[in-house]
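Novice: For reference, the chains in residue letters:
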Amino acid sequence: MNGVSLIDELRRSWAITLKDMKIYYLQPPALMFGILFPVALFFTFSVGRNIPSDRLVPVLAAQTVFWSSSSIGPVAIPLERRTRTFERFLSAPLSLIAVLWGKMLAGVLFGLGITTLATAVGAIGVGIPITNPAALVIGLILSALAYSAMGILFASIPTASPGQVIIPLNFVRIPLMFVSGMFIPLERLPTLGIYAAFLSPLTHTLDLLRLGIGATSYFGWVANIAVLIAWIAVFLYVGQSFHRIIMKRE
Amino acid sequence: MTEVKAIEAEGLTKYYGDFLAVDHISFEVEQGELFGFLGPNGAGKTTTIRMLTGVSTPAEGRASIMGHDIVRESVKAKSLMGLVPDISNVYTELSAWENLVFTGQLYGIPRARREGRARALLKRFDLYDRRNDDVSEFSRGMRRRVCIAMALINDSKVVFLDEPTAGLDVKSVRGIRELVRTLNEEGLTVFLTTHNIEEASQMCDRVTIINRGRIAAIDTPERLKRAMKTSQSIEVAFKEVGLEVLGDLEALPSVNEVQKRGDKLRLLTEDPPKALKELWDFIEGRGLEPITLNTLGPSLEDAFLRLTGTEMEAEVIHRRRGRRP
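Protein chains in written order, with our numbering: chain A, 1 to 250; chain B, 1 to 325.
Treat the hints with care, since some could be wrong.
[As the list claims (entries may be wrong)] Below 27 Å or equal to it, Euclidean Cα-Cα: the simulated DSS-like pairs (lysine-lysine) are:
#: 1; chain 1: B; residue 1: Lys277; chain 2: B; residue 2: Lys264
#: 2; chain 1: B; residue 1: Lys274; chain 2: B; residue 2: Lys225
#: 3; chain 1: B; residue 1: Lys5; chain 2: A; residue 2: Lys248
#: 4; chain 1: A; residue 1: Lys22; chain 2: B; residue 2: Lys123
#: 5; chain 1: B; residue 1: Lys76; chain 2: B; residue 2: Lys5
#: 6; chain 1: B; residue 1: Lys277; chain 2: B; residue 2: Lys239
#: 7; chain 1: A; residue 1: Lys248; chain 2: B; residue 2: Lys225
#: 8; chain 1: B; residue 1: Lys260; chain 2: B; residue 2: Lys277
#: 9; chain 1: B; residue 1: Lys260; chain 2: B; residue 2: Lys239
[What the hints assert, rightly or not] Take a look, some chain A residues computed to stay more than 12 Å from chain B by CB distance:
#: 10; residue: Leu109
#: 11; residue: Asn170
#: 12; residue: Ile174
#: 13; residue: Phe178
#: 14; residue: Leu189
#: 15; residue: Ala233
[Unchecked claim] Derived, one-sided and incomplete: chain A residues facing chain B with beta-carbon distance under 7 Å:
#: 16; residue: Val4
#: 17; residue: Arg12
#: 18; residue: Ala15
#: 19; residue: Thr17
#: 20; residue: Lys19
#: 21; residue: Ile23
#: 22; residue: Asp54
#: 23; residue: Thr83
#: 24; residue: Arg84
#: 25; residue: Glu87
#: 26; residue: Leu90
#: 27; residue: Ser91
#: 28; residue: Ala92
#: 29; residue: Met247
#: 30; residue: Lys248
I should point out that these hints are in silico values taken from the structure, not numbers from a laboratory. Please read these numbers as outputs of a predicted model, since none were measured by experiment. Virtual Cβ for every residue (Gly too), placed ideally from N, Cα, C.
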């Protein structure tokens, strides 16, 4: 890009974020996969099982941030392809990365808002104190960034239907839940499972959130933060590259 | 000093997979020109506009807006132009005001200026009283006007209009055409794609005819019409006539071809005075009662049909053997 300062790019990204918040937060697919689905999964996981409360709250928070943050991009971008409003960004004087940042931030704020509410209700409900707020906040912010970027990556699928993005995304989201210590504690996983868990960003979300309520992190906070940052970079880079490839083909 | 061209395209090419959609096209548009880009459906008009506006990346070739390359100097090029696609891509969940202000934000226009500009455009386009209503409540014509206003929020020097009147009612079509003419008279360069030949003929300073991804001709509408010498015609409508008369009319020595157009018959000829005399003798001989009788010069549609090989609107009843172009 040329001729636009970073501040100008960020201002334009923010305008996109605000516009997406107004238009897409209440869209049915965003509500379904961003709110209803994680809540339903949580109750499926917890009701009727004797699970300790210090395990329930991190699972609730991790699950919520995972699903909600990754749900806005896959709704907004295909719908904008359908109405051809996505072309407005491409013909406007701003970079593709500024557009994707704006969209990603809309997912981040959606995820953080819902997760904060869910976590507060969960923590107060079961009486779990937040002993390490820094770990909790860093964990939630990095996770929201990573999953929102993951949603943006899948939204590069050239379709005008959110369903055609959400279905392949769910093929990744659902299996990740089984290798991230969410349903099966990491201690009970086989060695191969541990390797897979280390690579999964959701494991590190859960680890950091556990630290936040005074439990221990399986892989350690340095690894948790490093892996989440690495995933943010990978999702953003690959997502941007795919969007560019699609632009060249379209 | 030579004035910089408003639009320059040089060898623009686009493939969709193996399909060659636009094939090395080159042209220039002067500043202040109303330039028509005419072609049948699937000719490559929209693909060309998408490449010129940076929405799509060309496989080969280059394009510039006011001297700025659309790929290498995209910010400068894009900040000088506006795009109105073939469908009104407005945010229907937002109000007209929000649509304009948001577009101004995308162009990095400072708040006071973008709000002043949005107000002025909404007033000019007769939308100010409805500025706070969601665009979902607007008619197609109103949405089109919002879309055009959005393309002008940045004080564009060049505006691309892709089929601006498609799907609109007659009143809206007239309003949009008048608006485009006025904007052009005020100095705005307009790149207008259309498959409406009459629209291009009435509005454009120059017309490019594109067919199967290639440029078939570039010239003024009048010069293109004059090139079609064999397309002069006489149009006649009778009070009552059977279809059998068509065969007799095509047998007149000076008539090349007879086309049925609605309730009228069009007799194509290279010599209208002679054909007119023969037609009159025919009418008197048969005791027919004509309602209207007109002689017509070659139209841009004729030029278009010859250059693209496409038959549009006209129902060709018969073409005399050996006379086809």
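Novice: A separate judgement is required for each hint: does it hold in the structure or not?
Specialist: Hints, verified against the model:
Annotation: proposed proximity of B:Lys277 to B:Lys264 holds, straight-line Cα distance about 18 Å (limit 27 Å). For the hint pairing B:Lys274 with B:Lys225, the CA-to-CA distance comes to about 21 Å; that is within 27 Å, so the pair holds. Proximity of B:Lys5 to A:Lys248 is assessed by CA-CA distance (about 26 Å); at most 27 Å being required, the pair is judged to hold. Proposed proximity of A:Lys22 and B:Lys123 is supported: the alpha carbons are some 25 Å apart, at most 27 Å.
For the given pair, B:Lys76 sits about 15 Å from B:Lys5 by alpha-carbon distance, which is consistent with the 27 Å threshold. Of the supplied pair hints, the one linking B:Lys277 and B:Lys239 holds, its CA atoms being roughly 20 Å apart against a limit of 27 Å. A hinted pair counts as satisfied when its Cα atoms are at most 27 Å apart, and A:Lys248 with B:Lys225 does not qualify at roughly 38 Å. Taken as a hint, the B:Lys260 and B:Lys277 pair is honoured in the structure, with Cα atoms around 20 Å apart against an allowance of 27 Å.
Taking the CA atoms of B:Lys260 and B:Lys239, the gap is near 15 Å; set against the 27 Å cutoff, the hint holds. With 12 Å as the threshold on Cβ separation, the claim that A:Leu109 sits away from chain B holds: the shortest Cβ distance comes to roughly 17 Å. The claim that A:Asn170 is not at the interface with chain B holds, since no C-beta of that chain comes within 12 Å of its own (minimum 26 Å). Listed as a non-interface residue, A:Ile174 keeps its Cβ farther than 12 Å from every Cβ of chain B; the least gap is roughly 31 Å.
With a minimum CB-CB distance of about 37 Å to chain B, A:Phe178 clears the 12 Å threshold, and the non-interface call stands. At roughly 44 Å, the least C-beta separation between A:Leu189 and chain B is larger than 12 Å, which holds for a residue marked as non-interface. Every Cβ of chain B is farther than 12 Å from the Cβ of A:Ala233; the closest lies at roughly 25 Å, confirming the non-interface assignment. The interface hint given for A:Val4 is met, as the beta carbon of that residue sits about 5 Å from the closest beta carbon of chain B, less than 7 Å.
Against a cut-off of 7 Å between C-beta atoms, the interface hint on A:Arg12 holds, since the closest Cβ of chain B lies about 6 Å away. Hint status for A:Ala15 relative to chain B: holds, with the closest Cβ pair at about 4 Å, below 7 Å. Hint status for A:Thr17 relative to chain B: violated, with the closest Cβ pair at about 11 Å, above 7 Å. Taking 7 Å as the C-beta cut-off, the interface hint given for A:Lys19 holds, the closest approach to chain B being about 5 Å.
Against a cut-off of 7 Å between C-beta atoms, the interface hint on A:Ile23 holds, since the closest Cβ of chain B lies about 5 Å away. Restraint check, A:Asp54 versus chain B: the minimum CB separation of about 42 Å is more than 7 Å; hint violated. A distance limit of 7 Å between C-beta atoms decides the matter here; for A:Thr83 the minimum to chain B is near 6 Å, and the interface restraint holds. Satisfaction of the interface hint for A:Arg84 is found here, the shortest Cβ-Cβ separation to chain B being roughly 4 Å, below the 7 Å cut-off.
The interface hint given for A:Glu87 holds, since its Cβ lies 5 Å from the closest Cβ of chain B, which is under the 7 Å cut-off. Interface hint status for A:Leu90: upheld, as the beta-carbon distance to the closest one in chain B is roughly 5 Å, under 7 Å. Annotation: A:Ser91 was flagged as interfacial toward chain B, and the flag holds, the nearest CB pair being 5 Å apart, inside 7 Å. The beta carbon of A:Ala92 comes within 4 Å of a beta carbon in chain B, closer than 7 Å, and the hint placing it at the interface holds.
With 7 Å as the threshold, the beta carbon of A:Met247 comes within range of chain B, its nearest partner Cβ sitting at about 6 Å, so the hint holds. With its C-beta approaching chain B no nearer than about 5 Å, A:Lys248 sits inside the 7 Å limit, and its interface hint holds.
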